[in-house]
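Let chain A serve as the given structure and place chain B on it in line with the hints.
2 protein chains.
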Amino acid sequence: MILVDIYKTLTDHIDISETEWKDYSQMLRTRIVRKKEIIHMQGNICREVFFVRKGLLRIFFIDCDGNEKTFHFAHEGTFATDYESFLKQIPASYSIQALENCELNSMSYEMIQYGYTNLRNGEKLGRLLAEEYFFLFSDKIRAIYTLTPLERYNNLKKEIPSIFQRIPQHYIASFLNISSVHLSRLKKQDR
Amino acid sequence: MILVDIYKTLTDHIDISETEWKDYSQMLRTRIVRKKEIIHMQGNICREVFFVRKGLLRIFFIDCDGNEKTFHFAHEGTFATDYESFLKQIPASYSIQALENCELNSMSYEMIQYGYTNLRNGEKLGRLLAEEYFFLFSDKIRAIYTLTPLERYNNLKKEIPSIFQRIPQHYIASFLNISSVHLSRLKKQDR
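Chains A and B, in that order, give the protein sequences. Position one of the first sequence corresponds to residue 1 (this note's numbering), numbered consecutively onward. Position one of the second sequence corresponds to residue 1 (this note's numbering), numbered consecutively onward.
Since the hints were made in silico from the structure, they are not lab data. Among the clues, some could well be false.
Identical chains blur together in the list; that is why a pair holds if it fits in one copy or across any two.
Distance condition first, Cα-Cα at most 20 Å in a straight line; then the derived EDC-like pairs of lysine to aspartate or glutamate [claimed, not checked]:
1) K69 with D139
2) K54 with E100
3) K140 with E68
4) K36 with E76
5) K88 with D139
6) K88 with E132
7) K88 with D12
8) K140 with D63
9) K88 with E159
10) K157 with E100
11) K157 with D190
12) K158 with E76
13) K158 with D190
14) K8 with E76
For reference, chain A alone in the conformation it holds in the complex (with noise of 0.2 Å):
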């Protein structure tokens, strides 16, 4: 499988100079996460930006009844953190738990903040991944909303293809908001 570079992810927001990202990228930690490992946990400060290189991150919560949902799939070439906590540097309100063996890069509070001073366009990469931040909970709210769980599974679908052979179904399922026979019905009527 290929390693998705971040250095091309990035560069797909901004320009970023070679000898920018040399010096830049000096701050970029690889970390090697086993499958099932929490690799951050609610009610801790978010110090890391991941960027998954490959495998699959869970983004989850535990809600009001005590349910643990989950809220997000990061996928390989996308970023995962709970961002409000990383920012305002707060408890977290979300845990991130590796679905699968993954690599990835690990942006530190500090490396962003740098970014934002000594990066030609550093301020302008904040603001795009905080509006693409901004989209995906936008896209949330939508979906809890005036999504049907169809559309909901098919935008899932789209998203991550591969996702219903990768991870255990009530992930899925806890995803959508739905219960595992609702999921299953789906997914016959989808064949």
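Here is chain B on its own, set in the frame of chain A:
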């Protein structure tokens, strides 16, 4: 009533010199709108970011069962827009209505783009405003999944203490995602 000044609000975020503002504020428009007026309609592309100098706006949408849902209230000194529609220039998911006679400032798409490139800290302003929008949506999701009706009620009271005297209660019940009867009960307990 004192009118809230947008320059003051923006300089709470970034440093804008008076010379910069003299130039930039030429692009700002003032809009006087009457109570009940719809200033932006779901389905249309949102081409303005509104700043509430005076009055109160309601952001709402139609959910998957065809019911109108009040999503957010924008009070004096805060911004209102369908930011995803605005940034992507796509049809909006939300409508915006004046709940009182309002005095607004309006920033066009061109004004925002001009700011990114021509204000010294334009990109930083864009980043901070995108982050605020993200925090707002993050709060909404937390309110849906992890807060009780009483906690949502208390948060609203803290954010806009005067709101219970200012607008019809059914908008507040819709915002809190509870029935009008339930809202009356919370208010009685609160006395």
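Consistency of the hints with the structure:
Both within a single protomer and between protomers do K69 and D139 lie at most 20 Å apart by alpha-carbon distance, with minima of 17 Å and 16 Å respectively. In the homo-oligomer, the alpha carbons of K54 and E100 lie at most 20 Å apart inside one protomer (9 Å), although the nearest pairing across protomers, at 52 Å, exceeds that limit. When the C-alpha separation of K140 and E68 is checked against a cutoff of 20 Å, the pair qualifies both within a copy, at 17 Å, and between copies, at 18 Å. Proximity of K36 to E76 under the C-alpha cut-off of 20 Å is restricted to the intra-copy arrangement: shortest distance 17 Å within a copy versus 47 Å between copies.
Proximity of K88 and D139 under a CA criterion of 20 Å is satisfied inter-copy only: 13 Å between copies versus 22 Å inside one chain copy. Taking CA atoms no more than 20 Å apart as the test, K88 paired with E132 passes in both settings, with 18 Å inside one copy and 11 Å between copies. In this assembly of identical chains, the alpha carbons of K88 and D12 lie at most 20 Å apart only when taken from different copies (17 Å versus 26 Å within one copy). Both within a single protomer and between protomers do K140 and D63 lie at most 20 Å apart by alpha-carbon distance, with minima of 15 Å and 14 Å respectively.
Proximity of K88 to E159 under the C-alpha cut-off of 20 Å is restricted to the inter-copy arrangement: shortest distance 19 Å between copies versus 29 Å within a copy. Proximity of K157 to E100 under the C-alpha cut-off of 20 Å is restricted to the intra-copy arrangement: shortest distance 18 Å within a copy versus 44 Å between copies. Only within a single protomer do K157 and D190 lie at most 20 Å apart by alpha-carbon distance; the minimum there is 11 Å, versus 46 Å between protomers. For the identical chains of this complex, K158 and E76 are intra-copy neighbours only, at 14 Å inside a copy versus 41 Å across copies, given an alpha-carbon limit of 20 Å.
For the identical chains of this complex, K158 and D190 are intra-copy neighbours only, at 13 Å inside a copy versus 47 Å across copies, given an alpha-carbon limit of 20 Å. Taking the shortest alpha-carbon separations for K8 and E76, only the intra-copy value of 13 Å comes in at or below 20 Å, while the best inter-copy value is 42 Å.
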